[in-house]
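Peer 1: Let's have the full structure, built from the sequences with the hints guiding it.
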Amino acid sequence: MNKFGYTISRDNQIDYDKVDRSMAAFIEKNEPTFRICIQCGSCAASCSAANFTRFSFRKLCLLIRRGLTDDVQKEVSKCMLCGKCRLVCPRGVNTRNIILNVHQALHKTTVYEL
Amino acid sequence: MNFDVFTLPFSVGLVFIISYFLAMCIQWIRNLSATERLLLVKGIFSFKTFTSIKEVVLESLLHRKIFRVNPLLGYMHMSLAFGWFMLIIMGNLEARAYNPIPIHPPYYPIFFRFFEPDTGTFKYSVFYEFLMDFLLLFILSGVSLAYFKRFRSMALGMKRTSKLKSWDKWALAALWMIFPLRLLAESFTSGIYESGGFLTGTLGRFFAEFLPVEYLAYPAWWAYSIALGTFFISLPFSRYMHIPTEIVLIFFRNYGIRSSEKINGFADIEVKSCSRCGICIDVCQMSSSLNQQNTQSVYFLRSVRDRSMTKSLADQCMECGRCSQICPVGIDLNTQRYLARRRVHEEFRSDFSYLPDLQTRKTDVIFFAGCMGHLTPSVIHSMKKVLDHAGIRYWFMDEDGSICCGRPLKLAGKAEEAAQLMKKNRAAILASGGTTFVTSCPICLKTFTEDYDLKQMRLYHHSQYLLKLWFEGKIQLEKQMQKAVYHDPCELGRGLGIYDEPRELIQRMMILKEPENTGENALCCGGSLAHQEMSSVQRRKIAFDAAAKLTIDHPDYLVTACPSCKKTFQQASPVEVKDVAELVYAAIQDRGRKTALKSREIAAAEAN
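Residue numbers (this note's numbering), protein chains in the order written: chain A, 866 to 979; chain B, 10 to 617.
It should be emphasised that the hints constitute simulated quantities derived from the structure, not laboratory data. Honestly, I wouldn't trust all of these hints.
[Said to hold, decoys possible] Here are a few chain B residues that sit away from chain A, every Cβ distance over 10 Å (derived from the structure):
1) F25
2) A32
3) E64
4) I110
5) V135
6) F139
7) D291
8) S411
9) C413
10) P417
[What the hints assert, rightly or not] What follows is a list of derived Cβ distance ranges for each label pair:
11) V953/A with M466/B: 27 to 37 Å
12) Q302/B with V953/A: 25 to 35 Å
13) K63/B with R956/A: 52 to 62 Å
14) N916/A with A424/B: 16 to 26 Å
15) G957/A with D509/B: 31 to 41 Å
16) V953/A with A436/B: 22 to 32 Å
17) A436/B with D935/A: 28 to 38 Å
18) V24/B with R900/A: 52 to 62 Å
19) D876/A with Q36/B: 53 to 63 Å
Backbone N, C-alpha and C define an ideal beta-carbon position, used for all residues, glycine too.
Peer 2: Structure below.
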């Protein structure tokens with residue numbers, strides 16, 4: 866059958882009652898400022914890595930909340946840890962510690978500790 | 010041969026500690042890499058051995074560096090270390106002079122008074138008698154200062170001393186008992202035989218009047234021996250392991266061996282050399298500003314030694330270097346943190362395959378603003394204007410955003426991930442064929458100097474480069490009657506040893522005032538990239554405290570040379586914060602304005 870270039874997009878529904886909250890909970894425990902992010906995007910605007918590729922710390926936070934661990938893994942490895950986002954954040958979110966904790970959490974998921 | 014059963018605790022302890030120490034030495038040497046072992050062999054037969062011996066005398070015995078912190082504290086440490094050392098040496102000489110047989114059992118000189126209670130007169134006997142008593146008194150003065158320090162440490166210049174764990178307390182109790190017990194034992198014996206020097210003899214006669222000294226002497230010798238034995242046996246498990254280890258440390262360090270990735274080689278020597286004196290606690294701004302007293306280097310090293318180090322403990326340090334600066338043992342504490350972070354962040358994996366090869370431009374001078382530099386656009390603007398004014402043809406390497414220099418990743422212990430970034434940057438720098446590399450960011454400069462292997466290039470911090478331009482006459486500066494205080498950024502000052510150039514530059518433009526904490530003792534602004542867990546509130550507290558101390562004399566400007574410091578101080582300083590580059594640009598503008606005004610005046614006068 867000719868689809869004329871159209872495809873059926875992947876089901877992208879996120880049911881917040883059913884998502885895997887383990888990583889978000891782990892990060893909230895270790896870096897409580899994860900909660901106070903207002904998703905303003907200052908971090909994404911100043912990001913050194915975003916200059917070269919599609920990467921956004923704000924999006925990363927969203928993916929963590931949605932429990933999309935695979936996507937988080939792909940995204941977080943792009944961070945250069947330069948710390949610009951930390952300085953521009955109007956809420957004082959400790960972005961670098963969140964990144965470090967994401968790495969910890971990912972490791973814990975692979976060894977079934979989380 | 011002289012022997013008594015009470016010498017056993019001492020002898021057992023001595024044999025134990027000597028064999029333990031030798032085993033440790035063998036392990037340390039075995040864990041050195043091949044190149045390090047070569048350094049060791051080369052070093053032993055060189056002049057460095059003599060420098061090391063000198064350093065051992067000055068630091069391990071006389072504790073010169075602690076004298077600099079506080080004379081009374083230095084005296085306390087010196088009397089114990091140097092006094093005890095002299096007591097052993099002189100005791101041996103005395104025993105040899107009295108009883109000239111080739112080899113004494115090791116306990117003989119230690120318990121000399123017990124075995125030879127009434128020596129009568131032999132060659133120089135009066136001298137030895139006096140000297141041994143004098144040395145004992147010297148040590149006891151130190152011990153009483155140590156007792157006193159437990160209750161009022163402030164009198165010895167320490168606001169806070171280190172909190173001890175049970176093994177340390179055990180060893181400390183033994184150490185505190187050794188010398189009073191020796192005094193009692195010698196006094197009782199002297200009391201029986203009516204011998205002894207000015208101290209033991211007098212005390213002995215005094216005790217003999219109302220105490221049954223003939224029954225007390227033997228138990229006192231037992232107690233003295235047990236105290237010594239206990240101290241020796243607790244040595245490997247307590248902080249006092251630093252006594253033998255520090256000597257090894259000094260020799261190895263002078264031979265050029267440094268802490269490397271391997272944690273059980275030289276790094277282990279450093280860990281065991283920490284005497285937990287606690288001098289690092291007071292200088293740490295997390296203690297003075299945030300009232301946090303469990304993350305300082307002393308506790309961190311202890312946790313490494315106990316194998317109880319946690320991620321949190323490894324991460325909670327600004328790596329400002331103030332503790333390394335003051336550490337009397339000279340342990341490279343920042344490297345220790347780095348090694349610990351390597352272990353706790355092992356699971357961290359980065360993938361920088363998305364990075365393109367950077368565009369490069371043939372040029373002689375490269376300017377690199379760095380990530381932090383991009384957050385202070387006024388510094389970049391000033392630098393561009395000044396370089397244009399001086400007629401420098403340069404390539405602004407990261408004008409459209411930079412690849413991070415890699416230092417922040419390295420501070421988190423990820424040297425391999427950082428290397429990926431460094432490779433990209435290095436390729437672009439080398440391809441440009443430049444000979445001069447100027448950066449605004451001390452954090453970047455540190456890593457460019459240490460990790461990038463750019464030997465064919467001269468690396469400058471912008472303050473150094475601007476001073477060079479001034480010396481070459483490419484920029485002119487005029488002195489104004491404004492007061493400025495200069496804040497040494499940690500990475501620029503303690504990190505790279507650049508103290509004078511920014512000061513010289515400021516002095517050409519303003520009156521430079523030196524704050525109390527300056528140069529090597531400069532404070533950290535709190536904006537450190539090394540501390541991974543500090544909250545913004547804590548960060549601001551440190552910045553406020555540091556800014557308040559720096560601006561106590563109400564200068565017109567708080568000048569710094571690091572974009573991160575500038576950004577942090579901007580929120581905390583009561584006076585305007587400026588970067589050196591901004592001052593230079595302002596001075597040039599000012600001069601330009603004056604010249605323009607003058608030429609206009611001349612033109613007007615001519616027209617009239």
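Peer 1: If we take the beta carbon of P417/B, is the closest beta carbon in chain A still more than 10 Å away?
Peer 2: Nearest chain A Cβ is 5 Å from P417/B, so the label is violated.
Peer 1: How does the Cβ-Cβ distance of A436/B and D935/A compare with 28 to 38 Å: does it lie in that range?
Peer 2: Between A436/B and D935/A, where Cβ atoms are some 32 Å apart, the hint holds.
Peer 1: Can you tell me whether the CB distance of Q302/B to V953/A sits inside 25 to 35 Å?
Peer 2: holds, 32 Å
Peer 1: V135/B: least C-beta distance to chain A exceeds 10 Å?
Peer 2: Consistent with the label, V135/B stays out of reach of chain A, its closest Cβ about 69 Å off (over 10 Å).
Peer 1: Given a hinted range of 22 to 32 Å, is it respected by the beta-carbon distance of V953/A and A436/B?
Peer 2: holds, 29 Å
Peer 1: Starting from the hint 16 to 26 Å, judge whether the C-beta atoms of N916/A and A424/B obey it.
Peer 2: With a Cβ separation near 23 Å, N916/A and A424/B satisfy 16 to 26 Å, so the hint holds.
Peer 1: For the pair D876/A and Q36/B, does the Cβ-Cβ distance stay inside 53 to 63 Å?
Peer 2: At roughly 60 Å between Cβ atoms, Q36/B and D876/A fall inside 53 to 63 Å, so the hint holds.
Peer 1: Beyond 10 Å from every chain A Cβ: check whether that's true for C413/B.
Peer 2: Not fine: 4 Å to the nearest Cβ puts C413/B too close to chain A.
Peer 1: Taking 31 to 41 Å as the hint, is the beta-carbon distance of G957/A and D509/B inside that range?
Peer 2: The hint (31 to 41 Å, Cβ to Cβ) holds, given that G957/A and D509/B are roughly 36 Å apart.
Peer 1: Falls inside 52 to 62 Å, the C-beta gap from K63/B to R956/A?
Peer 2: With Cβ atoms ~55 Å apart, the hint holds.
Peer 1: When you look at the beta carbon of A32/B, is every beta carbon of chain A farther off than 10 Å?
Peer 2: Fine: 36 Å to the nearest Cβ keeps A32/B off the interface.
Peer 1: Taking the minimum C-beta separation from E64/B to chain A, is that value above 10 Å?
Peer 2: Correct as stated: the minimum Cβ-Cβ distance to chain A is 38 Å, above 10 Å.
In this structure, the hints that do not hold are numbers 8, 9, 10, in rising order.
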